[in-house]
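Single-letter residue listing:
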Amino acid sequence: MQQFTTQQVNTLFKLAHELRINPQGDLLKGKILSTIFYEPSTRTQSSFTSAVQRLGGTVIPLNQITSSVVKGESLEDTVRTMECYSDVIVLRHPEKGSVKAASSFLRKPLINAGDGIGEHPTQALLDVFTIREELGTVNGLHITLVGDLKHGRTVHSLSQLLQHYDVTLHFVSPASLAMPAELLGKLKTKYSVHENLDDVLKVTDVLYVTRIQKERFESIQAYEAVKGSYIITPQLMTNAKSRMIVMHPLPRVDEISPELDTDSRAAYFRQMEYGVFVRMALILQVLDVNLSSLEYLTN
Amino acid sequence: MQQFTTQQVNTLFKLAHELRINPQGDLLKGKILSTIFYEPSTRTQSSFTSAVQRLGGTVIPLNQITSSVVKGESLEDTVRTMECYSDVIVLRHPEKGSVKAASSFLRKPLINAGDGIGEHPTQALLDVFTIREELGTVNGLHITLVGDLKHGRTVHSLSQLLQHYDVTLHFVSPASLAMPAELLGKLKTKYSVHENLDDVLKVTDVLYVTRIQKERFESIQAYEAVKGSYIITPQLMTNAKSRMIVMHPLPRVDEISPELDTDSRAAYFRQMEYGVFVRMALILQVLDVNLSSLEYLTN
Amino acid sequence: MQQFTTQQVNTLFKLAHELRINPQGDLLKGKILSTIFYEPSTRTQSSFTSAVQRLGGTVIPLNQITSSVVKGESLEDTVRTMECYSDVIVLRHPEKGSVKAASSFLRKPLINAGDGIGEHPTQALLDVFTIREELGTVNGLHITLVGDLKHGRTVHSLSQLLQHYDVTLHFVSPASLAMPAELLGKLKTKYSVHENLDDVLKVTDVLYVTRIQKERFESIQAYEAVKGSYIITPQLMTNAKSRMIVMHPLPRVDEISPELDTDSRAAYFRQMEYGVFVRMALILQVLDVNLSSLEYLTN
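Chains as they are written, first to last, in my numbering: chain X, 1 to 299; chain Z, 1 to 299; chain R, 1 to 299.
One or more hints might be untrue.
[Stated by the list, open to error] Restricting the straight-line Cα-Cα distance to at most 27 Å, the calculated cross-link-like pairs of lysine-lysine (DSS-like) are:
1. LYS29/X x LYS108/Z
2. LYS29/X x LYS29/Z
3. LYS108/Z x LYS96/Z
4. LYS150/R x LYS227/R
5. LYS29/R x LYS108/X
6. LYS227/X x LYS202/X
7. LYS150/Z x LYS227/Z
8. LYS214/X x LYS96/X
9. LYS188/R x LYS241/R
10. LYS29/R x LYS29/Z
11. LYS29/Z x LYS108/R
12. LYS100/Z x LYS186/Z
13. LYS108/R x LYS96/R
14. LYS29/X x LYS29/R
15. LYS202/R x LYS188/R
16. LYS188/R x LYS150/R
17. LYS29/Z x LYS14/Z
Rather than coming from a laboratory, the hints here were simulated on the basis of the structure.
The following block holds chain X by itself, in its conformation from the complex (with noise of 0.2 Å):
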């Protein structure tokens, strides 16, 4: 997430949009992106596979389960396997830094996915990408985050994004799963912090709510007893704007109830959508793809 500059999230933004807006059926013609999957997850590589194939790119997976690693391969030699068979990497990997390393052997470019507590930065940046569609502008936004704090590595590499923009941040939890302070230490924009989301509720132009994930507990009472503490209701809702939007990176448990999704303001389906413009944004830029032909560019 440090990589990017403030400049470098608008560019790709300016790109996603236009290609939301110009479908664009043959800019990745030829080209092959390999998804190194460690730890499953449905929503980030069939975003990248749809993400590619939109832009008439092919994939080739890699799962787990027929991966070299059963033989004792390191990461390191599975990853420089697929950079033969390919033009750029995907891979999510359950331990931290590990990206990073796997990285400086290869010559071609590398995506993190996911790489355990660590990051996650597509999502954050198709986090920031779904607010800028929808309301407009990140600047001056009040944005609440709820859920569980602490362990959530998509809040932790959100909020660190949304460094990049002039907004106000609300961390609700409950006191044991809070923003690590650590990381409140390191931000420069406006935040406060709660117990209880109606204190901010009103206010909030970005509710993003996160999973309250139940195999980071340490035990079931632990889990059960804060388990529904923060679950967005039509009644809740009631409370906030009517311009305002309600996200989620999903997949939900009891976070969020179903009614609410016919909700104009329930925006975490959307979320998705955009998700994929910003892959394919990303991955035309670290392939250097010539984008004459995109409209934007001639303006």
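Fit chains Z and R to the given chain X structure using the hints.
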């Protein structure tokens, strides 16, 4: 299966026939189909994949193992997710009614590729298309269904689809695996029920053989008792017409002897090829693809 | 491996070389390759996939886990099924002879991607092609094969393929893992047998290193005893020629030290890239694709 009118079935088959005669490489260029399979199925998934690729489109496969289901996501959310990444979805799910239920949340077309003991409509469509292409017509034929008629969703869907035609059906099975009375009650065509294939083999134009599915039996003993009852061999086939066909949805275990494979009446492998054309036609229809380039529409 | 004449091998390599120099994006447009892998293989499956996609074709992957095999289907029927959906099939199966047996049922081409302790012909072809591209010729070279020469199907196929050339082979292994006498008896080229790599390293033009496959040993003790016997390090390589290459079929465990990777003689990752071109050429040949657009044929 009940969604289809006789005319819709005819239009579909005309299109499938046209695609078989005149290959079309680009009709699905730029289109993406997602295949969501909660149960494995070599044949159905590969057949849909082939259909899309033959027409220039691409596929995003989602198998159970890589699904977010492990994180507790609902079927509805999984399907809506894939909708964001593709233009049309093919879904197989072990629960009856699940496909229909999932479709109510979608804006894009969803094709049922089997819902447990429910239906498997594209199988029935390809079965009838096979008869049409192999024998020139469906009307007037004697069609014999043999095997496990109680549990077989394939024969249930097929006999239902055959109600659009003027045919005579013969149901051959052990009494314990007979066609459910409820389904027989809905038939408008002539039909007869038998325990012995010899009763009707001589008049049969289409012999539709189904597998006795081991996993649906209550005990090994019950399975062993009927396992070998209806094995189609070259010797048995000396009593059949010279112009008729033997069909099977496959996979087979031992219901049809491999020695029959070289008999020109053995149509079960050709049947799989016809399946690709039927699925091509169906996808083109549900996506409302402009078919003006196809000759048959300009005739 | 015995299907190939010297001339066929040469023609294949000329085509592979041409494809390497002049990328061809559309030669396989509209063609579908099925990959049927009863054993996982990152490299081989991805390499074939890359080869097809680079030439504009598409792939239907069939992995063991999604196969009808769980329903008791025979290999023959599975292969014939995939034949209905594609134009050419690539098959890996754990049983020796299975690929040849399966081919007898097919009308379309079947490529052997490894049949247990049998053969792995495309690996041998890409190995020899690597030597040709890296060193300009194969004739006259000293080629040293080191590691587990008893169980390694790779070295068996390779030494067989090298019989088309005028080379000197050196076999280096512990006595317990030596090249089978039966295979040595078939060699027409000069060869020598050693336990110590030092005996031949100085004259070696090609050092072909293979993995000591843990799973083929009878006990952990037997494995541990020889495990580290033949580890290729930068220090050891100071005794080798400056113009020579080190090859490995990969994956490696610890037979080649990662410190060697930056040595220009380390050809094992380039070897994988050559593999894509060899597989491209082979697929074009078995599909009898019109190659008149390729320059080398008009020369």
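Numbered hints the structure breaks, given as an ascending list: Every hint satisfied by this model.
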